[in-house]
Structures are given as C-alpha cells and as structure tokens.
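Chains as they are written, first to last, in this note's numbering: chain A, 1 to 100; chain B, 1 to 493; chain C, 1 to 498.
There could be a bad hint or two in this list.
Just so you have them, the derived chain A footprint on chain B, three or more residues with Cβ under 8 Å [as the list claims (entries may be wrong)]:
#: 1; stretch: 196-206
#: 2; stretch: 243-249
#: 3; stretch: 379-386
#: 4; stretch: 476-482
Derived SDA-like pairs (lysine to any residue); straight-line CA-CA distance at most 20 Å [unchecked claim]:
#: 5; chain 1: A; residue 1: K97; chain 2: C; residue 2: K122
#: 6; chain 1: B; residue 1: K308; chain 2: A; residue 2: N33
#: 7; chain 1: A; residue 1: K97; chain 2: B; residue 2: A343
#: 8; chain 1: B; residue 1: K308; chain 2: A; residue 2: P51
#: 9; chain 1: A; residue 1: K10; chain 2: B; residue 2: Q102
#: 10; chain 1: B; residue 1: K308; chain 2: A; residue 2: V3
#: 11; chain 1: C; residue 1: K122; chain 2: C; residue 2: Q238
#: 12; chain 1: A; residue 1: K97; chain 2: B; residue 2: K308
#: 13; chain 1: A; residue 1: K97; chain 2: C; residue 2: M274
Hints are computed from structural coordinates only; laboratory data are not their basis. As the structure is a prediction and not an experimental result, all values here were calculated from the model. Ideal Cβ placement from N, Cα and C applies to all residues, glycine included.
Below are the chains, spelled out letter by letter.
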Amino acid sequence: MSVTREEVAKIASLARIQMDDAALDSMVPELNNILNWVEQLGEVDTSAVEPMTAVIPQAMRLRDDVVDADPLTAGGRREDILANAPAAEHGFFGVPKVIE
Amino acid sequence: MSDLTNLGVKAIRDGVAAGDFTAREVAEAFNANVAAAKDLNAFIVATPEKALEAADAIDAKRAKGEDLGTMGGVPIGMKDLFCTDGVQTTAASHILEGFVPQYESTVSANLWKAGAGMLGKLNMDQFAMGSSNETSYFGNVLSPWKKDGSNAALIPGGSSGGSSTAVAARLAPAATGTDTGGSIRQPAAVTGITGIKPTYGRCSRWGVVAFASSLDQAGPMARDVTDCAIMLEAMAGFDPKDSTSLDMPVPEWEKGLNADLTGKKVGIPREYRMEGTDQAILDSWERGKEWLRDAGAEIVDISLPHTKYALPAYYIIAPAEASSNLARYDGVRYGLRDLPEGAGLQDMYAATRAAGFGDEVKRRILIGTYVLSAGFYDAYYTQAQKIRTLVAQDFEKAWGECDLILAPTTPNAAFPLGGFDGDPLAMYLNDVFAVPASLAGLPAMSVPAMLNGDGLPLGLQIIGKAFDEQGVLNAGLAIEQRSGFDAKPERWW
Amino acid sequence: MSNYRIQGATGEWEVVIGLEVHAQVTSNAKLFSGASTEFGAEPNTQVSLIDAAMPGMLPVPNRECIRQAVRTGMAIEAQINAWSRFDRKNYFYADLPQGYQISQLYHPIVGEGQLLIEADEKAGIPEDKIIGIERIHVEQDAGKLMHDQHPTMSYVDLNRVGIALMEIVSKPDMRSPAEAGAYVRKLRSILRYVGSCDGNMEEGSMRADVNVSVRKPGEEFGTRTETKNVNSVRFVMQVIEYEANRQVDVLENGGTVDQETRLFDVASGTTRTMRSKEDAHDYRYFPDPDLLPVELDDAFLSECRESLPELPDAKRARYENELGLTPYNARELTAEVETFGRFETLLSATATRIGKPEKQVATQVANWALSVAPGVIKSLGDEADPAHASSGAQASILAMQDKGEISGGQAKEIYEIVLKTGRDPEEIADTEGLKQVSDTGAIEAAIDEILANNQDKVEQYKGGKDKLFGFFVGQTMKAMQGKANPAVVNQLLKDKLG
Ligand SMILES: [Mg+2]
Ligand SMILES: [Zn+2]
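Put together the whole structure using the sequences plus the hints.
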C-alpha cells in the first residue's frame, strides 16, 4: 500500500503540521518507503494473538480521592502553569479568537 | 593531583568520602572540561553553578560528618529530555526552546537526593528520535572518536548522543540517558562506554518528555558496569505518579555485583546473525561468548523467531504513541508560538508545529498519525501490537532455556556524520538488535568489547529477564573484566 | 407506543432520539490529578501540571471516579466490565491541552443497561417504557473558552480540564421530546440517588448531546444530527422539537440531512451547524500507553454493590405496596433525593412519636409532606425560616393531630408560628389556644343550648331530615369557636339526638 500526495496532505492536516508543496513532495516517497517496509508485518499470522496491553504484567493502581495530596500533582499553582505561556492575561491563556 | 576527570562515579564518590579530594575540586575539573569541549556540542546548556552548588553542599555535609549519599559529590550530565526545575528543557527541539519547567523529574530528583550534581543539559536527537544525534535543533553532537587515519567527524549514536559523547570525552563521569528503542545502548556501544536500560517501569517516567510511553525508560550511561549499577540504583524506584512504575523495592545492585557466572546459561539467538552485519561485530560476539564461558557460564543456542519483525513493529508503535504524545506542543501553554498574520487557532497550531518540529519528528508524527487513522488502525497498529506480543513470547520461551542473552548491540561501528542522509530507513536499521528487548520491556545493557579495524569501539549487549538487572550487570562485569577494554578517544577538541 | 408525530406535507414523520449524557462524577479530586473539582474558582487555579499537559506529566486514575461509574452502572442494571481500559481520543482544540482526551472507546467500564420511564398521560407517555442504555464510559472533561473578553483573543480556563465525567449513552429508543425529557429526569434522579453526580445542570454537571433523526413510521433510521452540550431538560425537548421539524422540512423539500454536529442557541431556541468543525474528525483512538488496564476485583465490586441505596423504582413500589401510598404520592415522593429524604425522616419521627407503625401514619405524613407543609411555606414566603422546619417539630404537630388534640386548621396555624419563630409546637398549642376542646362537659353544655334554641330543627331531624346533622355540628363548632374536637362533637350529638 502506498500513500498519495493528497493523503499525506490530509494526514499533515490531521496532525496540524503545515506543509508546503516542496515539503509534501519530499515527504511522500519517504513515507512510502517506510510504509512499504512495515508492510512485511502482514506476513505474520496473528489471528490467534492478543495485542499487547501491558509489557510488564501488572494491574493499574488507583489513587485515593484526595485534593492536593502531593504538590507535584496538585492544583493551586497558577503562576507555574502560566509561567511559560506565549500569551497569558488576567490568569487566562490567550489564543487567537475562536468562533464556534 | 592526577586529573580528576579520569575518575568514574565510584572513584569520585569514594574519594570524596575519604577526603582524597573535595567535591568542589571534582566539579571544577569537569566544569572546565565541559567549557573546553564546545566543539563536541554535547551540552545544550551548561550549568557549572549548579554543579558547584551541589558539590559545596556535599563538602559541607562531609564537614559535619553526615551521610553523603550513594552519588555524593558526583557531577553528572542530564539528558535534555528530563525536566529540571528552573533550567531550560527542550528535548533538543525548537518547539520547546526557552521552556523552563517549574518542576523536577522524578529521576533527576532521585539523583540530586543521592548527592549528585548537574553539569548541564545534554544534547540529544530531537524528542529522542534518531540514532546519530543529527536531528537536534541545537546542532549535531560529534563523537570524540575518529577513525584511525581519518579526520572525518563521526556520530556519537543517538538519541542519547550528548550523553555518550560527554562520558566518552570525560566531560562527565556519567550521564542520564533514555532508551525507547536502543537510545542508551546504541550510543554507549559506538562511543566505548557502558549503558543500561532497566526493566520497563523501574525508572519513573514522570517529568521525562515523552516519546513513546510504552517503551521509554531512563537509565545510566557511564564508564563501567559498577558505575552503572550505582547510578541506576539512585535513579530507580517506585513512583506513585507514574501508573506504569514498578511497585517493588530497588535491589542493591552495586552490592550484588558478582562476575562469577557459574550455573548461568547464556543464550545466543540465531536470528541475530543478520546479513550485512560487520565481520568485526561478529568477531566481538564470538569473543563475548568466550569471555562468558570463561566466567563460568554455559553457552546455548536459542531462537527468537520474530526478531526480524521487531523493528518494523517498533516503527509503527513508537510513532503512533509519539504522534499523540507530541500533540501537546501547540503553542498555547509553553514553547514556540508561530502566529501568522490573521491566523486562527488551527492555523496557529499548524504553523507552530511546522516551524517547531524537525524533519525526523514530523516524519514520525505523520507515520504515527497515518497508522492510527480510520481504516488503517487494525492493519497497522493492532497488527504491530500483536507482533509485539509475539516478540515478548519469544523471550518468554527463551527463558526456558537460558538466563541471559548475548548479542551485538549494533550492526556496525560509528559512521560518519551525514552517512545516512536521505535514507531514514537505513538509519533505523542501526537499532535492529536493540529494539526487541525494548518491545519486551526487558533490561538490557551495552558494554564495550573491543575496537574494530578502524580503531572504533564496538559494544556487546546483554539482555535479561524482567527485573533481573542484577544478572545483566553481572554478565556485563564478567565481560568488562575480560575484555581489557581501556581505549579512550584521543583529545582533539 | 408514543404517538408523537410530525405532520409533514407528505404525511406523518416519526422522531428517533438517542442521548449521550455527560455527567460530572462526584469526587473531590480530578480523574487523573490531585487538583480540586470545586465549582466556580478563579481561572486556572485548580489546574495541576498534569491538567495543563506540561511535558512529561502522567495520569494516575482516581479510585473514587471508577467506583462511582461502577455504582452507576449497577443502578441501571448494566453489565459491569471487570476489565476495561482507557483510550486516547486525539483532536486539537484550545480547551484540550493534551491534544487528546483520555476516554474509553474499545473497552468501556460499563456495558448495556436500562432505565424505566414512567407513564405520564398528560405528557403524552401512555405507558411505562424501558429505554436501553448502550454503555457508560469514564473520561476527562475539557476546559472552558471565553470569547468576549478580548477583541482578538479567546481566553482559556483549564479549571474544568480533567474532571471525571461519565458519558452515559442511550440507545436510539426515544420517540418524543416528552420521552427524552422523562429519560433525562429519571437518569438525573438515579445519579442523585446513587450519589455519583450532583445533577446540577446550571453548573454544567449534566449536559446532553442530543441525537435526532426522523423517518416515516416503520422505515429505516434516517441520518442523525448531534446537538452538543444541551444543559436543561427543557432545552433537550426544544432541540428535539426544532431538529425534527427542521429535518422534515429539509427532506420534504427534496434535500438530505447532513450527519453533523450542531449547536443549540438558547435565545432563539434553534440549532445551527458548528462553524469550528473544520474537517471530518478522525479521532485516532488507541489505548493510552501511559495507563494500564483497569481490573476490578470481587471485593471492589461487592463494596460498590453493597453501598448502593434503595433506588427510585424499588422505593416507589415499596411506598405503594408497603406504606399504602397512592401511586401519585409514591411517585412524587420518590422523584428526588431531597423529597424522599425529608419524607422518610419525618415518617420515622412521627411514627415513633405516635407509637404506631410507619405504615399506619404514612398517608397522613405523605399528605402533610406533599401538600400541607409546602402550602404553609408558600403562603409565608420570606417570613418562613427553613431552619425551623425540623422533622421533630413537624412530627410533634402530626402527633397532636393524630390524637385529636388539634384540628387540621390548627396544625397549619401552629406550623406557621413554628416556621416564623422556631417555638415548640406543643407550647404554641397550649399558649395560643390552638387546641381542640375534647372536654365533654363544655361541649355538652354548648350542644344542650343549641338543641334548646332549635327545637323545630330537632323535630325535623327526628322526623327523618338527616341532613340537619351537619347543621348541628356547624352550630356546635361555631359555639366552640372552632376548637371542639369534631369526633367528640359528632359522638355527643348522635347520643343526644338519639
Ligand atoms: Mg457525543
Ligand atoms: Zn464524551
């Protein structure tokens, strides 16, 4: 299976990566190279195989319902949250105006 | 005083504790080497003041007779994938340039608690995607090694290329690395140092910029096996903030080191004898068998039948996870924002990500997006996860016949910069021996074996059962004691 | 069967409705972080590094959120999946910092269940109806965007990000706005009984995505539209009404209905296409590699089951069958947690006070709770202090009434004073003269006088004009200024008139 230029453009749009014509032109063969190579996985009969869910078998731990139990996973640190924001005003993040 | 930068982790720790030299003297010596090695481009940010600050704290503790910790007085390099409180963390990407975390990763926090200090943030392949350290936004890292009779710049391996160069060039006695599909072992092998990726879940992923969550593991890179054991012990440990963290005690790996392999069976996987592998690599493998036999181990042939599918499966799973993990780099909360005139929100995302991510990162995000997209998910992603099950089952079966596995770390020695330009696929093949253990979550390490005909180092890989880092370290030690490898790069920088 | 139909030019159309209700799980902390879920905080003050999707941050699930989803599933008699897992739903939006929502697609925690909506003739639901529930899954809420604070920017508040939601997905089993309304009300009631969601629709604790399609009766399902985030029962019904008519118009004019996401405009009561919907979504769901499968053991599941309260349907049946209440009273009292809570407390207090089994006083208490007490409170308006409406005081009034010490009218009067002042009901009855006279001497004296003054009527009564009995009762009560115990008056009159 191989991808067309249009498909790559669509994937790039899904992934929110702007690509001009030149970028698309070089990306298409590269992706096809890789996709053709991974194609070989189809040779393996996996009909009786479960996809892996956890590489080291262990059950998920659930944490207690306690607010701000650990400062590293707690709320109440707005300064830290906003410290690196390209645009922050009045305690909010700013983004280009969205029309819904 | 002899050059302190020739010392490793254990020697520094013990020397500081014994009062042979101060932690400050050690930090100053390494700071000087870091400052003098700009040509290697191993560091994105140097933090000499941090190294001194930690050293002074250790010296003060010693004066008071307090416990100095298992890494007391040892300055290290920190791969720029670990978030460090107040120090820029970029994952070597333009999209995170200027990002200063307000938090410390669990692994780095553990190291500081153990008495280590930070020399700086190490360069790497962008978002840990690469095997040659040529994808960093902050420029290529150069290996300190050169081919005999050649002046051509060589790659230091990747993605932990800043780490491997820093340790090999004596800019740091040790450094952190991360390994998703070989990113500790491959650079260790091509720079003649030692590195171990522990069992998946041993080291917390909290605060480590994610590449592929189900594969990412941190580990140490150092001069020798003992130093790796000491440092891994400091890095590892249960972390309730990471759902995949192993809730089990950290063994005393340093104390447990023992190169006597009597009664151990070491498996030689026949599928790792691949076409195109350098003869020198095959020779080193033969020598490795001899050394382990000499240490008391029995060598047995084993089969890992799905080996050839591991790499392609990896190149579906890792990009798929990455395509999602990297969605958060959108120019809203941190890092780069590219807002073209009149752009809306979605345009801003697309522009920011186009400007912020390097080519290899984009390539993998696109592959990952594609294999998860409607209509392709089962054919690619589900199939790859099934192959992953088969690869893990191969190892499970092998453990019925052996305790450890010996294999080459890489199919070739370090290659020249730009050697794989325009052929990403050929580059991916560098990790062909490293990836199967990653897919199975197993502990695996690379130890230096010998120099090839060009005078370049080659590594041997030991893979162990889940949780058996001790067995892996012990076999590594047995090789280290017999290989007599003490080559180090001639200083040219 | 619902008889709700849209009358089109080409005949009758049937409406098919499915609802995806997002219910905020009651928990102190968020689903994957320790930040608080409290409503109404300053922007971005309840946001952890995890919620803001800072690099390297990881989710760890909150047990209580899982537990509440499981308990909710049990309450709708659903299949509980002891093995479930979280998936990532990938899309880019400013209210979604991670670039994906952690949700469940492939293996939800709760499978198929059902919910009963009750017959309501007036609303056009002729008989009880079972609505199928497809699944309940647990997922993260998104943040909030504000569009009117700045000329060129939208502001982003992440306080809501990561709060646990249950998405409760119905089957397309509803056929009228009334059924959908009843479904949402019933679901809300169950959630509040269980305690897994506060059901506060104004604060956004419950929002419905309304899926509507139309078809000619008996034909295949038509193409549906999904109107997002509708936050009241009334609006849900409005959306259905509007959408159904709009779709009929489109189809009858030869058009086709687009499968699309729409927004409800509260002001106009209409829906419109979402403009921000750029390309067809491809969410690229895959299992979240930061998390492991959720495996629930028997101990966890039995704790969930044992902690479930009596649920609305069971409670209503018990009120009718064991307490002997009318179907109307039983339904009214069991509709809301507050109503049955107050009722059961009062019932128990009254029964204890009177020394009778609950069954024998249940009707009296139900009438008091549903009509008498609310009437008094309503008439007092602001003068009533709700703090004084204790079950002790009300039980005391009901006990006096039961013993015949006070009349119904006096009970109301006493309760008025209680609500205004918090005084003790028995003390009020005593000091304010609000007690019936049961003293036969005083009543006999009054009766004797009345009979003496109305000899003619006495004769007529004895001559067979039974209706005059009421006249004598009335006169006696008037003479006693309304305070005579009617039972005693009746008995004495009967004795004296022979
Ligand atoms: Mg929906
Ligand atoms: Zn949802």
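For each hint given before, does the structure comply? Return the numbers of the non-compliant ones in rising order.
4, 5, 9, 10, 12
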